[in-house]
Amino acid sequence: MSDEAPDPAPAPVAPTPWLRLDPRMLLLQPLTELARFLPALIPLLLFGTASGFGPWAIVGVAAPLALGVARYLTTSYRIVEGRIELRRGVLQRRTTSARLERVRTVDMTATLGHRVLGVSKLVIGTGTGGAGDEDDLELDGLARDRAAELRTSLLERPGRAEGAGEAPRSGEEAPGSAAEPDVRSAPVVAARFSPRWLLYAPFTSAGFIAAAALIGFFAQAFPSAEIDLGVDNGDVPRLGVILVVLALVAVLIAATLLVIGGYLFLNWGFTLSRLSGSWQVRRGLTTTRETSLDVDRVAGVSVAEGAALRIAHGARLSAIVTGLGSGGSDSAILVPPAPGAVVRDAAAAVLGSAAPVAAELRPHGPAAVRRRWTRALTATLPVHLLVVAAILAFDATPFLLGISVASLAVAALLAHDRSRGLGHGWIAGYVVMRSGSLARRRTALGGGHVIGWTVRESWFQRRVGLVTLTATTAGGSGRTEVDDIPTSAAYRLAEEATPGLLGQFRSDQFRPELAGT
Amino acid sequence: MWSLSSAISCLLVVVGVGLATTLWLEGWWTWPAIALTVALAVANTLLVPQWRYLVHRWEATDTAVYTQRGWWSRERRIAPMSRVQTVDFTQGPLARLLGLATVTVTTASAAGPLQIDGLETDVALGLVDDLTRKADLVEGDAT
Chain A
1 MSDEAPDPAP APVAPTPWLR LDPRMLLLQP LTELARFLPA LIPLLLFGTA
51 SGFGPWAIVG VAAPLALGVA RYLTTSYRIV EGRIELRRGV LQRRTTSARL
101 ERVRTVDMTA TLGHRVLGVS KLVIGTGTGG AGDEDDLELD GLARDRAAEL
151 RTSLLERPGR AEGAGEAPRS GEEAPGSAAE PDVRSAPVVA ARFSPRWLLY
201 APFTSAGFIA AAALIGFFAQ AFPSAEIDLG VDNGDVPRLG VILVVLALVA
251 VLIAATLLVI GGYLFLNWGF TLSRLSGSWQ VRRGLTTTRE TSLDVDRVAG
301 VSVAEGAALR IAHGARLSAI VTGLGSGGSD SAILVPPAPG AVVRDAAAAV
351 LGSAAPVAAE LRPHGPAAVR RRWTRALTAT LPVHLLVVAA ILAFDATPFL
401 LGISVASLAV AALLAHDRSR GLGHGWIAGY VVMRSGSLAR RRTALGGGHV
451 IGWTVRESWF QRRVGLVTLT ATTAGGSGRT EVDDIPTSAA YRLAEEATPG
501 LLGQFRSDQF RPELAGT
Chain B
1001 MWSLSSAISC LLVVVGVGLA TTLWLEGWWT WPAIALTVAL AVANTLLVPQ
1051 WRYLVHRWEA TDTAVYTQRG WWSRERRIAP MSRVQTVDFT QGPLARLLGL
1101 ATVTVTTASA AGPLQIDGLE TDVALGLVDD LTRKADLVEG DAT
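If you're matching them up, the sequences are chains A and B in order. Quick note on this note's numbering: the first sequence kicks off at 1 and runs consecutively. Quick note on this note's numbering: the second sequence kicks off at 1001 and runs consecutively.
No lab work stands behind these hints: they were computed from the structure. A couple of the hints might just be wrong.
Said to hold, decoys possible - Partial list, derived from the structure: chain A residues whose beta carbon lies under 8 Å from chain B: (1) L73; (2) W268; (3) T271; (4) I451; (5) T454; (6) R456; (7) W459; (8) T472; (9) A474; (10) P499; (11) L501.
The C-beta atom is built at its ideal place from N, Cα and C for all residues, glycine as well.
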């Protein structure tokens, strides 16, 4: 891993000294340390003052403070010979070193405290694939301009392209890297926050969860209101109904406010911009967060439009970043829930072409549509069985059949929408797949980033000539898949994206179908 | 190998169901349940491995590896040689008894490796060498 590529010239610093974090962290670090120990401290303090053990309380406060200072003193970093090294740890020393060309993302975060002091925290992601934070290089507390400078130097190395060792692309070059030279100085903004986006916040799954949680809470809090509904005489039920309606409205309003508030805190001042070799995402109201993604590492994007968001004509955009697991998905968010047009523009900017997210996709044909219907309708079977059983066995009112009918209607809607959602294509050098209804997702993956195919078929699928095609990649969740694609279309797509890869196998029984297309 | 391992696991299930039904779930359906389990187990032992064997195939060319596995639902995986990251050779106790081995080819994707079960040991070793050499020839970090 280390001895293949020639080192890019490091920043011209002679025998590089170890650098410390910003001294201002001496103020912040002990305080955060103190806050972290607070749960342990409170009983200590109470106990201490009650029984008159003053000194212990002082020790309890002083120890975290000292730890904070020690942490500051023991953390240092340097950039030397094409790698960045970080030394840290109070009792157990750790030295982490990473090659510069392996840097995939740089996160710059600043909490309110950081911002008051003018410092930020820099997290350098190298995509080790391992579980998380131990291997990330984390520089908590650099002066803001120093951090920005370091970030630029990390992402803008000369000769980064050779060092990155991207395997030779088959077919087209990723369009994104073509426009590189002329954007060196001024950042190009692809999407910018506008307060109007706040309207889209309630249409996300977070909105539903908040509403559901609140409804659950109220159901617990006022069980009487629920019971009143069942009683069928006099003024009591009317009062109950009014109460319930009022409660529901209140819950909805509260949930909406909650979600909008959360969205506001997280995404205020959002901008997505291109700064030379990387994409920068900046957002946050109190805690600002700036994420930089190396352009070469952006393998593709995925546009997610949940059902509710789609009704509101909104969408959200995330990037598939090579070497960045789904665990770090936070830093892969390109655009939070926002108007669809904004999202599509941003996606077009990232991909270098609007076609992958806008163009029509090839539909999957009647067999796939039938399968969607069968699956949706059979899923409602237990409901019908329950209803019939209830009516026959327990003399329940026949009106329960309404539930059956309603579930059928919902299933039909779902099936229709799901079959409309299915689609795939090979557009402008990207493998594009779309599927789902409640959580519809359109994924565009650069052809050069496809590192394998998986073709799965159940017995039912095999009978009607459909397969589930999965393109595997090194980033994100590691795969993008599309259900129920006709076998020949699947092979055509794979053949277009990776020419000659599939056709060469003797034992592949489906090759004749490929020849037929 | 598949016959043997599924025979063992089926035996365990049969014994488990038998014990459970006779010990504390007695009723008219005890014996039918046991009979059903035994029938399923026999089918699982005799038929499924054959089926698996028929489906299972693999191929390695100069530029890619291909595997097909499964029985009821099948899965074919293809990985270009340039994206191969590690090649593993594993032998469980059963496999060692029968002189077989499993070769696992991992790519950078989190979506799972390619697995070739039940190769004769020397074929497997040869394949491992072969794959390693070919993967080595290709430049890049296989992402």
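Hint by hint, here is what the structure shows:
no.	hint	result
1	L73	36 Å, violated
2	W268	32 Å, violated
3	T271	28 Å, violated
4	I451	4 Å, holds
5	T454	5 Å, holds
6	R456	5 Å, holds
7	W459	5 Å, holds
8	T472	4 Å, holds
9	A474	4 Å, holds
10	P499	11 Å, violated
11	L501	6 Å, holds
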